[in-house]
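J.: Protein chains in written order, with our numbering: chain A, 1 to 431; chain B, 1 to 431; chain C, 1 to 431; chain D, 1 to 431.
Any given hint might turn out to be false.
Chain copies aren't distinguished; within one or between two, either way the pair holds.
Here are the simulated lysine to aspartate or glutamate pairs, EDC-like style, with alpha carbons at most 16 angstroms apart [stated by the list, open to error]: (1) Lys271 / Glu38; (2) Lys346 / Glu180; (3) Lys399 / Glu35; (4) Lys131 / Glu57; (5) Lys134 / Asp246.
Just so you know, these hints were derived from the structure itself, not from any lab.
Keep in mind that this is a model prediction, so the values were computed, not measured.
In case you want the letters, here they are:
Number of protein chains: 4
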Amino acid sequence: MNPASFLRKLLGGGQSAVERRTRELVGLCEALLAERGEYTSTALARDALAACQGLDERSREDFFDVLARHYSPSPEAVSRAAAEYQADPSPANFARLQETVEPPRQEIFRRLNMAPGGTATLVEMRSQLLKGMKAHAHWRVIDYDLMHLLRSWFNRGFLRLERIDWRTSAIVLEKLIQYEAVHAIQGWRDLRRRLESDRRCFAFFHPQLPDEPIIFIEVALSRGMSAQVQPLLDIRTQLADPANADCAMFYSITNCQEGLRGISFGNQLIKQVVEDLKDEFPHIKRFATLSPIPNFRRWLDSAPLEGDDAPLVARLADPAWHLGEVPEPLQTLLMRLCAYYLVRAKSGLEPLDPVARFHLGNGAVLERLNWMGDVSEQGMQRSAGLMVNYVYWLDELEKNHERYFRDHDVVASPAVERLARECSLADSQKT
Amino acid sequence: MNPASFLRKLLGGGQSAVERRTRELVGLCEALLAERGEYTSTALARDALAACQGLDERSREDFFDVLARHYSPSPEAVSRAAAEYQADPSPANFARLQETVEPPRQEIFRRLNMAPGGTATLVEMRSQLLKGMKAHAHWRVIDYDLMHLLRSWFNRGFLRLERIDWRTSAIVLEKLIQYEAVHAIQGWRDLRRRLESDRRCFAFFHPQLPDEPIIFIEVALSRGMSAQVQPLLDIRTQLADPANADCAMFYSITNCQEGLRGISFGNQLIKQVVEDLKDEFPHIKRFATLSPIPNFRRWLDSAPLEGDDAPLVARLADPAWHLGEVPEPLQTLLMRLCAYYLVRAKSGLEPLDPVARFHLGNGAVLERLNWMGDVSEQGMQRSAGLMVNYVYWLDELEKNHERYFRDHDVVASPAVERLARECSLADSQKT
Amino acid sequence: MNPASFLRKLLGGGQSAVERRTRELVGLCEALLAERGEYTSTALARDALAACQGLDERSREDFFDVLARHYSPSPEAVSRAAAEYQADPSPANFARLQETVEPPRQEIFRRLNMAPGGTATLVEMRSQLLKGMKAHAHWRVIDYDLMHLLRSWFNRGFLRLERIDWRTSAIVLEKLIQYEAVHAIQGWRDLRRRLESDRRCFAFFHPQLPDEPIIFIEVALSRGMSAQVQPLLDIRTQLADPANADCAMFYSITNCQEGLRGISFGNQLIKQVVEDLKDEFPHIKRFATLSPIPNFRRWLDSAPLEGDDAPLVARLADPAWHLGEVPEPLQTLLMRLCAYYLVRAKSGLEPLDPVARFHLGNGAVLERLNWMGDVSEQGMQRSAGLMVNYVYWLDELEKNHERYFRDHDVVASPAVERLARECSLADSQKT
Amino acid sequence: MNPASFLRKLLGGGQSAVERRTRELVGLCEALLAERGEYTSTALARDALAACQGLDERSREDFFDVLARHYSPSPEAVSRAAAEYQADPSPANFARLQETVEPPRQEIFRRLNMAPGGTATLVEMRSQLLKGMKAHAHWRVIDYDLMHLLRSWFNRGFLRLERIDWRTSAIVLEKLIQYEAVHAIQGWRDLRRRLESDRRCFAFFHPQLPDEPIIFIEVALSRGMSAQVQPLLDIRTQLADPANADCAMFYSITNCQEGLRGISFGNQLIKQVVEDLKDEFPHIKRFATLSPIPNFRRWLDSAPLEGDDAPLVARLADPAWHLGEVPEPLQTLLMRLCAYYLVRAKSGLEPLDPVARFHLGNGAVLERLNWMGDVSEQGMQRSAGLMVNYVYWLDELEKNHERYFRDHDVVASPAVERLARECSLADSQKT
């Protein structure tokens with residue numbers, strides 16, 4: 001059934017299960033598609049956008065169902081066009097093939113984008129689509145099209161890097177507070193401290209979403225590589241003089257738009273920020289992260305510990321284990337286990353730890369483990385308080401990135417390597 | 001032969017006809033494709049862009065040949081994917097089909113776009129491609145991909161309308177002088193007159209091409225609908241008071257980017273400008289063009305004139321025919337023939353005249369013919385000095401547009417209709 | 001003693017009571033004065049500015065003493081120049097007189113202003129001067145010069161009106177929270193409510209103090225004239241639709257710069273804001289304030305009440321007098337007394353109430369008294385919970401302003417007039 | 001006669017010579033003065049401004065006469081206030097004195113400045129005042145007041161330096177063409193060449209005159225110190241690579257506002273530009289001018305030449321003297337005479353040459369004479385084709401400036417010193 005006849009049925013039947021709102025929206029989408037592209041009325045696009053925004057959950061599901069079922073290319077037509085292309089791979093046949101393969105819903109999305117606020121609405125639509133996709137696997141075809149368009153529209157070439165500071169508008173700053181995903185921002189005073197002169201914050205913006213950061217990163221300028229995150233988050237920490245800094249510490253990076261999930265901006269952001277900071281502070285030599293190890297404890301729970309190790313680790317069951325003095329053997333053991341986890345524990349060919357995968361994939365080096373790096377409740381629960389520094393050496397990023405993806409090498413400092421080797425699990429592995 | 005093996009041959013053979021520059025560029029494109037999308041190095045993209053810009057004509061042709069021949073999808077793979085989709089139209093099979101059908105060169109273009117200046121270079125590349133496409137029909141497949149991307153990136157939603165005036169930067173103003181395609185701008189003084197307080201000029205801009213107008217339109221605010229273009233172009237014409245104007249005359253509209261040919265911006269621009277002018281000047285009631293009739297004379301040369309008409313029209317052979325007094329019968333005859341040409345002469349179902357096609361397709365009305373509307377050499381040669389006003393009535397655009405495309409109706413004023421009816425060719429048609 | 005010899009003594013004597021910092025600063029000021037104006041080194045001005053900013057309280061007092069005592073014109077020289085001017089009022093003699101009369105410290109201030117941040121430092125300096133002027137009456141001569149310059153530099157022509165909303169930078173918004181003097185802003189959430197779509201906020205800015213509001217005003221767009229301030233301040237109050245508003249209520253106006261005390265900006269600000277709001281909302285007919293009556297209670301305490309009035313008013317001693325039901329006679333009495341206070345109570349020829357003086361002087365009309373207009377602790381203490389609306393009728397401002405200053409008329413609405421007449425004090429006055 | 005009674009006469013008498021326009025303007029000024037400062041109506045100020053702008057030459061002269069004669073302080077009142085100050089130099093008496101001495105026209109100017117466009121009108125008014133001041137010496141008192149205010153309002157602190165390039169708005173660029181006073185700009189192509197990548201252009205702007213440069217300077221980035229100006233002015237001169245430049249040559253500096261004559265901006269501009277260029281091009285070591293010697297030929301005409309010198313110099317009477325080969329003795333003679341002129345010829349204690357006075361006063365060094373530095377007609381006529389380089393060594397500016405003003409030393413390079421010594425006029429001087 002083609003969309004038009006479908007619509008006829010949709011619009012005609014009073015007994016239809018699909019309710020009025022969805023029908024109206026589908027009607028507007030049909031009207032949009034019926035226009036010649038160049039004459040698309042922005043008034044129509046605006047109406048359709050408004051109808052999208054006005055959907056409740058139920059009617060949105062209906063709308064996605066319609067998009068998935070009735071705006072996909074016909075398998076027969078596709079096969080015919082493919083056969084013709086195979087018989088004669090001429091430009092004309094190729095053009096026909098491409099047209100046949102492209103789902104009409106892509107064109108709907110393109111035309112919705114013509115009205116003011118279109119891009120924002122489509123990003124929001126994808127976020128809602130993703131939420132329901134587990135329960136509605138057939139919506140995946142819609143996601144494929146939205147992804148295709150959004151990836152093209154959010155191409156690095158269209159993003160601009162902006163510094164965020166206390167001169168930034170409140171409408172943007174408020175979003176940082178709301179979006180921050182790594183170390184929650186406790187209101188405006190906390191935010192203000194993170195934007196002082198010994199800090200930097202940068203975000204990517206897209207011309208169509210002027211008040212919406214796409215991704216942002218928080219940086220502390222410090223003397224020496226930071227080992228603990230609490231001093232960075234404490235609003236009472238004294239201001240440092242950036243002129244004395246030799247390290248730029250990336251302590252938080254947050255993707256803001258759920259609707260852009262799967263489009264990766266972090267790698268480009270970090271590289272650009274390193275370049276810009278090098279220009280502003282020629283005396284800063286080291287660009288490093290202070291990163292969490294989110295799944296270390298979970299991995300630890302199922303690690304095949306032997307001998308004295310198991311009872312030592314068992315002490316972590318006590319939520320207060322780290323208060324007071326921690327026995328030296330336990331500290332040594334945890335450090336070695338964590339190094340082993342980061343360097344050797346794999347999921348397929350890649351590290352088990354997602355943060356490690358990200359930074360190592362970017363070409364960074366696993367430089368140092370930090371004991372009691374994050375003593376927040378979350379830090380203790382997830383990683384026994386440990387944190388890790390990854391270092392970005394601009395000259396070696398390309399090479400390390402290659403090694404990582406080609407040879408599946410985890411590039412770590414000698415100190416971390418040694419810790420991983422000293423881990424008892426490493427021995428058991430050899431045998 | 002897949003691209004990789006092709007490249008090997010390309011890079012390997014000293015006797016290859018393809019020269020060093022092209023080989024280097026293809027090498028860079030291969031390297032770009034080899035990267036994981038999110039890790040694409042902007043340095044690499046920058047190098048590839050620079051290599052594109054550095055191509056001479058010969059090596060550019062070679063490059064286009066490579067893009068057309070070796071970066072198209074394999075017909076066999078396409079047929080296989082199509083068959084699988086036909087057998088089972090699952091999301092996974094559909095995704096595979098789409099991936100198979102998309103030519104790898106699209107991804108090359110997307111990655112080139114990540115470096116600064118990428119969009120501008122791709123627009124320029126398409127302009128060169130179009131130039132050579134007559135002689136190299138097989139490049140059409142490249143054009144298909146560039147068009148696909150550029151149409152997506154230059155979506156109306158990403159364009160912003162800007163007023164151009166004497167406060168605009170010289171770098172943009174200079175481009176108006178250079179690009180103006182309807183009534184050439186004779187230097188800065190001429191331009192300045194066209195930007196005075198009784199005129200308006202608007203352009204669409206794209207965030208990635210900040211100093212490049214995409215399309216621009218020139219408007220004169222006047223009392224009564226302008227019938228002659230020379231007073232509008234004469235820099236000595238006295239300033240009018242916009243407060244007294246009741247018409248906004250669109251007397252020139254120019255598409256600036258050859259590399260965006262085929263992507264239509266005019267319709268959207270005019271509608272937006274009408275909206276904006278209505279806001280600024282609530283007392284302006286009529287939005288009309290003063291338009292050329294570029295092929296009237298050419299059509300006239302082969303029109304089947306009868307009786308006294310032929311010898312009358314033959315007088316136009318004298319370049320000075322319009323100087324001194326023009327016999328009333330000749331004027332009447334030309335006005336009727338021109339009305340007939342605009343209203344009745346067709347190419348398929350659409351008017352023969354390209355400017356008429358554009359404005360009527362937009363939903364405008366053919367309002368009035370103007371005797372001696374353009375007495376410039378070009379105006380006399382192309383249209384015997386005649387010009388035409390098309391009127392944009394906001395409330396009727398949609399309806400007229402519909403009539404035009406559905407019923408192939410040329411919507412003209414009663415006066416123009418009558419002129420067309422009175423034309424002798426109209427009689428002959430009836431018989 | 002001329003400044004130079006004074007300085008010599010200052011710089012020479014180790015036993016001098018004036019300490020090093022002041023001496024250094026005076027040395028820098030002398031160096032500044034020694035330069036030819038056009039060659040003034042900004043480096044020197046910068047050093048002098050830094051020295052100003054680095055003064056502690058003690059050394060600042062010394063510095064002011066020096067400025068007052070040693071940088072005033074010599075009485076003898078002034079008399080001589082005046083005599084010469086009287087004998088021959090030629091341009092040359094007049095010029096000499098003006099130069100003689102101008103204190104050298106004015107030139108010091110002008111040169112300090114040449115360095116970045118100069119204006120801000122001078123504004124701050126005046127604020128400190130004012131603080132100490134009670135105890136140091138002889139500093140008044142410095143104030144005269146600073147006022148003269150600041151009044152000239154903060155001329156209305158150099159101020160620009162800016163709308164403040166949630167897009168404004170945090171650095172400015174933070175200052176609103178800090179400066180608000182009428183109804184304190186309780187943090188960012190409160191501020192945000194005051195900047196929503198049914199509110200407006202405007203401020204004057206000066207080019208040299210880009211992040212510092214000079215004065216700002218808060219406006220609520222409402223249907224009908226607001227009578228109570230608590231709903232305007234409550235962050236949970238529902239958003240109104242500005243399209244339905246017919247009143248713009250000015251509910252707070254704050255002068256931000258103590259160092260500009262005595263330079264009046266409020267009148268210009270209100271007039272400009274009324275103009276701008278009329279443009280944005282042609283359907284808004286009434287521009288009115290909701291204003292406090294800061295000294296009503298204090299005046300009441302000493303009012304010569306008679307008969308039953310005194311015991312009624314005495315109830316106000318109970319802080320909870322207004323909770324529960326207020327007896328009708330008390331309400332009537334207070335309304336009449338307050339109307340009398342505003343309309344008849346004078347200090348010299350002008351109203352006793354400072355807020356009334358301001359708005360009536362601007363040409364506004366005393367329109368309405370509002371029972372329980374401000375039930376905050378402060379509102380109860382100062383004005384027994386009463387508030388007042390002053391209305392700005394653009395067409396009558398000039399005339400009312402004239403009446404106010406020429407005839408000392410308090411222009412009040414008939415309702416307020418009647419209340420004042422009904423007050424028992426009015427009777428007693430007649431006898 | 002006080003202004004009020006004067007006005008009465010002015011307004012009353014039909015036979016008055018002062019015509020309607022002037023009377024109206026004076027009436028508006030009186031009304032402005034009659035208002036309380038803070039309540040000054042911008043409408044009134046706007047009307048008064050418009051009246052200023054609408055004056056023809058005759059009525060403007062009348063207006064200046066009124067301003068000069070009737071808005072000066074009364075000599076008697078001044079003497080009285082001076083006497084009181086002498087008797088008791090209290091702050092109050094001092095304040096009264098200052099108020100008495102300040103002419104009421106200053107307040108008129110301050111209030112005119114409150115309306116939009118006020119500053120521009122006052123700058124224009126002064127320019128007209130200066131034009132007529134030779135013939136009307138008594139206007140000098142008006143000039144004194146305007147200067148006082150303008151100097152205060154155009155304080156360096158309120159100016160901002162802006163780079164001018166091809167991205168600057170046409171409205172500003174057009175003014176450069178119009179104002180350039182040293183080497184005329186021949187239209188837009190010429191201007192464009194002067195703004196290419198091997199050039200820099202900077203201007204001071206004032207917030208109240210956003211489209212009006214106050215002063216601008218043109219700079220060429222070159223390898224080696226430029227000796228001839230024609231290659232810098234030739235639009236066909238090939239672009240140089242700024243990366244190879246080691247000199248920044250200041251080849252033109254123009255004061256734009258006649259109405260600001262006497263307020264010196266050049267010194268501050270050059271120093272700021274040197275600072276900025278040092279930041280942008282750390283490899284540029286020398287900041288020098290290529291300057292004209294405007295009065296060398298005029299001086300030469302009356303120089304007491306002896307022996308063979310006179311007939312040699314007489315050859316300059318032939319306008320073609322420099323075409324073909326110039327005899328070596330003549331070249332030597334002219335170089336020596338010019339060096340003598342610049343180093344030794346004085347007007348009072350300062351150099352006769354005005355350009356020398358400016359740069360030497362700024363602290364620059366007279367570095368080199370350039371034979372045939374300017375072969376334009378004007379260059380030959382004024383300075384026999386000679387030009388001079390002044391060098392700005394940042395570290396020595398202060399010291400040289402001191403030497404120049406204290407010791408009246410012309411700081412010249414050894415080469416120029418030797419040329420001056422070798423001049424025959426130098427010998428005659430010794431005897």
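J.: Now, for every hint given, state plainly whether the structure supports it.
T.: Results of checking the hints against the structure:
no., hint, in the structure
1, Lys271 / Glu38, "between (39 angstroms within a copy, 12 angstroms between copies)"
2, Lys346 / Glu180, "neither (28 angstroms within a copy, 58 angstroms between copies)"
3, Lys399 / Glu35, "between (51 angstroms within a copy, 13 angstroms between copies)"
4, Lys131 / Glu57, "within (11 angstroms within a copy, 51 angstroms between copies)"
5, Lys134 / Asp246, "neither (47 angstroms within a copy, 51 angstroms between copies)"
Hint check: violations occur at hints 2 and 5; the rest are consistent with the structure.
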